[in-house]
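Chains P and H are the protein sequences, given in the same order.
All the letters of the first sequence, read from the start, carry residue numbers 1 to 232 under our numbering.
All the letters of the second sequence, read from the start, carry residue numbers 1 to 242 under our numbering.
Derived from the structure by calculation, the hints contain no laboratory data.
Keep in mind that this is a model prediction, so the values were computed, not measured.
Take the hints with a grain of salt, since some may be wrong.
[Unchecked claim] Calculated cross-link-like contacts (lysine-lysine; reagent style DSBU-like; alpha-carbon spacing at most 35 angstroms):
| hint | chain 1 | residue 1 | chain 2 | residue 2 |
| --- | --- | --- | --- | --- |
| 1 | P | LYS50 | H | LYS8 |
| 2 | H | LYS155 | P | LYS15 |
| 3 | P | LYS50 | H | LYS45 |
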Amino acid sequence: MIRQFIDELQGWLLKKSSLQLHVPHIAMYLDLEVRMPEGDTTQHRHQRSKSFVRNAYNLFFHTIAGYPMNDGTWGDGYINMKNTGGSLSSGSYRGFCFGVDSNGQGFLSPGSANDFGIVVGTGTGAESFDSYALGTKIAIGNGTGQLYTLRSEDPVDSYISLTKERTLVRYFNNNSGSTISLGEVGLIGRVITGGDSSMYALFSRDLVTPAISIYDKAQLKVTYTISLVYPS
Amino acid sequence: MIDYIAGKIARKTAHNLHLPYIEAHLEVEMTRDGKSLLHKRQRSKSFVRNAYNVLFSQASASEADDTTFGAGYVNVKTITGTIGKRDTPVSWIPNDVSSLGNGFRGDEGISTHGIVLGLGTGAESFEDYYLSGAVIPNGNGSGQLNYNPTEALTKVWSAGTRTLSNSIKRYFNNNSGGQINGWGEIILIGKVNFAYSYGTLSGWYYDAYSVVFSRDLLTSPLDIPDKAQIKIVYTISLVYPS
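With these hints in hand, go ahead and build the complete structure from the sequences.
Below, the structure is given as structure tokens:
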């Protein structure tokens, strides 16, 4: 609780100072909710996501500074992206591409797929800025240890108090007959690479601490909200 | 002083919250016969709506398809005042963003791309999409400046501050034979584009949009003597978390 208060205080200071300096302020929140079929909420957590990974930062730098993502080395001072298989992007330019009016692009996954969009896992490894994949993705389906993974919901955009916001939601149903432990949540984008192909790149990985039990027949709702504060 | 403190707070809090902290600096230098007539380096507080919209579009994978330009809408306004929009996110054009003629790298003799100078003195506005006054045109005639090709981009990683920066530098020579009076403003123009929305998972629209990312007003208008050279450097940086 105190930690959350301090984070929000720092968030307020960051917003104010960014407005003073006329520089962009990007933020992200994660909301996790587990409901039983009768409507009972067994878990509800809302937290600031502090988990953008290097891929996301590199894309931000590429976008605002106009520098190509073509470095052959991964790490501090280099600009590129690493896909969820651990391979580096290549080529001389990159851009986050494709419309988001339909599933299958950007952060919006079709149903019964977990290559990209909001994805969930059982991994409990510590968060790392250099993460490029979840520890252990929860398989799709209705069998033991599996979650029925729905398509991403249509995104919702808003603009309030100088803040432009996009909300991404995805539902997961536990039809497996037993409890599944949620240990991590990730946001993976489908990104164009080199001009004519795409890659799956992790943008954020949040460790769920403590892990959340998704009981049999329960539904998990995951919401990521990405915002940018505009100056007045 | 206020900006200095705000910068310290922003850097520290962004670090603690694991959020990106972006800033820009502008360096202006004018020399003649090897003598420095002016040399200033300052924080640029002049990103305009276009820059924010491109960043938001890329950070959230949002389409830039609004027909209205203004608060709450995502699209770009070109240097001619038209709206650039499609039902896809907006990004850099489908070429090497570091090559001449792309990204922020205006080519030799081009005064519609990259760093561009003007004679206007209008107040800075977040809604700026071009110079407030007349452009100082390229050339060697009266009232003209020779626009050099933008220098190669310079990327620097500062391990101590965990800051990655990219510098965009351009030189301008006054070969006109006379003084150019009233230089008052600087803009940074990038070429952006949109990816295909539907169909195959590849491809771009091959139509570039020239859009201003930043406009800086000089403290007071300057006169550029004959044979003077101007150097402008925009340095855009992002602080990475540890």
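Next item on the list: Compare the distance between the alpha carbons of P:LYS50 and H:LYS45 with 35 angstroms, and conclude whether the hinted pair is satisfied.
Entry: holds (26 angstroms)
Margin query: Just to be careful, I want the Cα atoms of H:LYS155 and P:LYS15 compared with a cutoff of 35 angstroms; is the pair within it?
Written below: Holds. H:LYS155 to P:LYS15 sits at ~27 angstroms (cutoff 35 angstroms).
Next item on the list: Please work out if P:LYS50 and H:LYS8 have their alpha carbons no farther apart than 35 angstroms.
Entry: holds (20 angstroms)
Of the numbered hints stated above, none is contradicted by the structure.
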